[in-house]
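Since each chain sits alone in its own frame, please combine them into the complex, following the hints.
Chain by chain, the residues run as shown.
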Amino acid sequence: MPQRRHTVSAITDGDVRKLELIANTIREDILTMLVAAGSGHSAGPLGMADIFTALYFHILHHDPRRPQWLERDRLFLSNGHIVPVRYATMAHAGYFPKSELKTLRKFGSRLQGHPEMHFLPGLENTSGPLGDGSSQAVGTAYVAKMDGSPWHTYCIMSDGELECGITWEAALFAARNQLNNLTWIIDRNNIQIDGYTEDIMPLEPLHDKFAAFGWNVLEIDGHNIRDIINACDRGESTWEAPTVIIAHTIPGKGVSFMECEPSWHGKPPKDKKELGAALKELRTLGGKISNETL
Amino acid sequence: MVVPSAKLTKELFSKTIKAEPTRNGFGKGLIEAGKRSDAVVALCADLSESTRVLDFKNTFPNRFIQMGVSEQSLAAIAAGMALAGKIPFIASYAAFSPGRNWEQIRTTGCLQNVNLKIVGAHAGVSVGPDGATHQMTEDIALMRVLPNMTVLVPCDAIEAEKATIAAAEINGPVYIRLGRESTPIFTTEKSPFQIGKAQVLTKGNDVAIIACGPLVHEALKAARDLEKSGIEARVINCASIKPLDTETIMKAAKECGAIVTVEEAQIAGGMGSAICELLSEECPTPVIRIGMQDEFGQSGTPDELLEHYHLTAPWIVKAAKHILKKK
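Protein chains in written order, with the numbering used here: chain P, 1 to 294; chain A, 1001 to 1327.
If you're looking for bench data, these hints aren't it; they were derived computationally from the structure. None of the values given here were measured: they were computed from a predicted structure. Just to be clear, a hint being listed does not mean it is correct.
[Unchecked claim] Straight line, CA to CA, 27 Å or less: simulated DSS-like cross-link-like pairs of lysine-lysine:
no.	chain 1	residue 1	chain 2	residue 2
1	P	LYS280	P	LYS270
2	P	LYS145	A	LYS1057
3	P	LYS270	P	LYS18
4	P	LYS145	A	LYS1035
5	A	LYS1251	A	LYS1321
6	A	LYS1228	A	LYS1018
This is chain A alone, in the form it adopts within the complex (with noise of 0.2 Å):
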């Protein structure tokens, strides 16, 4: 079923698989990128710790700046950084940045198109019992819609920290979403990461699943589970959501013929979509986009919300049958 181009964990199933929240790596792909390039420097909104920018700071204590709960002077600030020549990334929960800071972003960021690097932790409503206010789900429809923007959701902790590399080393603002929950580690350092690729993580001509973030392992399980049923399901992970991989993603429209989106954000202006606006002009095909529906979280633990907003494996599957009869 695993494509073994891939490279994914053998522990994919396993209950033992290793756990961390994706925010870890990109902690550590920020010193990496710190240590690669002296022009690289993070900013913080009072978040240091939970954003996971204090290593960063630990390592380079003169390239990191604290700007207390100022979130739209932190995009505009470090904007004007980029512009006398640093590569500044910017941490916050994603409900504040780019939740409180879309404008700033879009002016200094986008418009001017400069190296401005936002990265939003603790993004869906897996931030568990904090609640919706804390819990953002728009945040991909709002960096999406900007031109010159670049949007990644990784996958793991090891794909966080590949995408926090690749982000400093491109020209132009790119956003960067995390989690909160420790999610497992399904990836390796083998694993093929680009921006602008979707991977191909299993085989099957059956049904597509395409999904984003964490939710990609739910995606796996789902098709495990279809395998049961004799349908083979081809799960893509998504993590470049801008610029898509148009080509990736028609292939798999052409030869599975049903699609179900997965990602942890309102569906509306969310990875699924891009993927249904790139469908509906080139290739026509049915979808099913699981996600947020037009509503807020609530408190609860990651688990109870996941289920409780029909995000998980079994609602996956249940999907991928309902649109195969679509076909």
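If we strip away everything but chain P, and leave its shape as in the complex, we get (with noise of 0.2 Å):
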């Protein structure tokens, strides 16, 4: 029986610059939740949230009032450590306060350092150890496939963690049993926490290697709304293999001082006037235009 499936609905100019000002805003909003956390990771989640706003305000089947409704698509996060972006987006997309996002990583707080499933309706999976969500997501994917459900598993992944060993056991595995399903979307920002990725175990050439293991791999500008939705179309409608975006970003883009710089990989803005210059550059796209309520 074909598998009756969900589709990713075509977007105008004026919906993609609406997506891109929400992007900003989470952008903002991740900054200003890490410093009254005082420790998380900045880049990664900047570098992701068009992505996330892309995945949330447009691609995904879901509904932030039933969490848990049966034909939502799954979205897996691999690398945990980006959840600041996750739980930022979310609160825009209603899931819950965005008040609640001054919590993040504070005694009590849904907002675990990395994010726990059991803490917050709307998360899929528990990570942090890197690897693990990829696989899950595969798992979630095969299930799909096997009971014939109409919905699509997403896993975001870091590039770092294609240097875990179980990430390939299961594109291996996705690959044999033709989850056409699942998209992997790996944020390629080129940094982690010891330096650039090339310089301590190169990935390249990426695209070749998700080919050799029977994947249909494309690559995106991660920066790019329009880019971003119609490689998730292209994911869902194919047929015979699982789909991977290497999604180019840069990480801690927005913000000038960040971008590209592995040590911010892992910090937050140190104080309030870092975090200042970095909120006038989002709120300003940049110098490009001023803005009186800074």
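The structure is reproduced here in structure tokens:
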């Protein structure tokens, strides 16, 4: 029986601009929550704001009022350390009040330092130890295919975690089982904690590696909303293989002194002054416009 | 000597007692669990014949998933299946699962508290000729320490079948430890089994022998031999190491005043440790732990190895007599 499947709808130019503005606001929230928390990762969450916005505000079939809705698309997060971007996006999408964002990493908060599914409805998985989330997404996609369910499974993952052996175990499995209802989105930002990925453990040619593993491989500009949506649409329309989207992103995107700088991988702005400088850049779109409220 | 309610076989000490590996019981139990619930699926890391998942595969081909030699993704992919509503059993040798994939079991199985059932075959030194790499003796300690985990060590094939069915019917992660060798089937279909309960098999107030796995039969033989010396031993089958049956163990400690624990695993962190942790806080009692004494196994026949590492009935008798002097 052919599998009934969700589809990704087309997007207008006006909607693209709306999503870009939402992503920018999410970046501001990320930095504000990190400073309130006093610890956490800056670069990854900023770099992934456009992708999370496109997913939650256009691509995913989901309902913030029914986080356990059985036919929702599943969005796994494998590199749990970038969860501030997920929290901020979920708050904007209506999963919980934005005021709760400032509780990130604090005792009693639903917003654990690394995501814990039992703390916050709407998280598909608990993650932090790298490599586990992508395998779980594979397991969930396998079940959907087995049961003929229409939903699609996405997994956001980092480039650094491609160094984990389990990632390639799962890649072999997903291709062998032709999991065309699965899309991995790799945050190809080229940095990890100790430096640049290509210095630490070269991953290139990454496209060829996944192609050799039998995956449908797409490469996109991870800050181009239309590119992101089109690639996810292609992933959901593929019939014979799982899809991997290698999303080239700028770590720390939107804040000039954080961009492409590995030292910002694992730390927040150190004080209100540094936060103010970062927010000013975001609120003026890099100095291109003035904003009287600053 | 034998408690009637334990419903043990009449062939208990007969040379013709039927023997089968505990993994065979798992194979049967898995099929029964599969019949009872469509959600039961089985994943195997290239060992479907020797872990006895093969019969499930033949019965429910669409619910069997071949993973290849990939123990880490075996656990995590199965956890992902559990998140989507399945009850996955993952089977491999205990040395590899949970030996190699402990972190995946911790994070995706236990922290997420999903229906991940881990089946570790070929545990203990009685694996025999394969040698130390394949003789898993640290698994009880590795699994017992994990929050949300249930740890079961069935004593024979019949109990392994019951444990498998019971594991499928409770929510949350479960570890089931199995052996490779044929070992006596001394319980019967009517013998009680319940997760969280230990079963008293023999009457006695002089010393308690608490054992798990196929070595429970050695404990029974030891009790028979002790009886000849006028010592009445209470043998307890502690198949459920977590949750531990604190009531039955405390009662034995109070009434017997001396305990020998017996397991085919490292004494550090194993069943004996669990019992010592309980008793040292609640009812300090002299204990001798029989098990692997901080060393690895080696090649040999199962009998040679059990003897070499002092895991057989005569060594249990010796330990029991020794501990009696400390009462």
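> Any of the earlier hints contradicted here, and which numbers?
Replying inline: Number 3 - this is the single hint that the structure violates.
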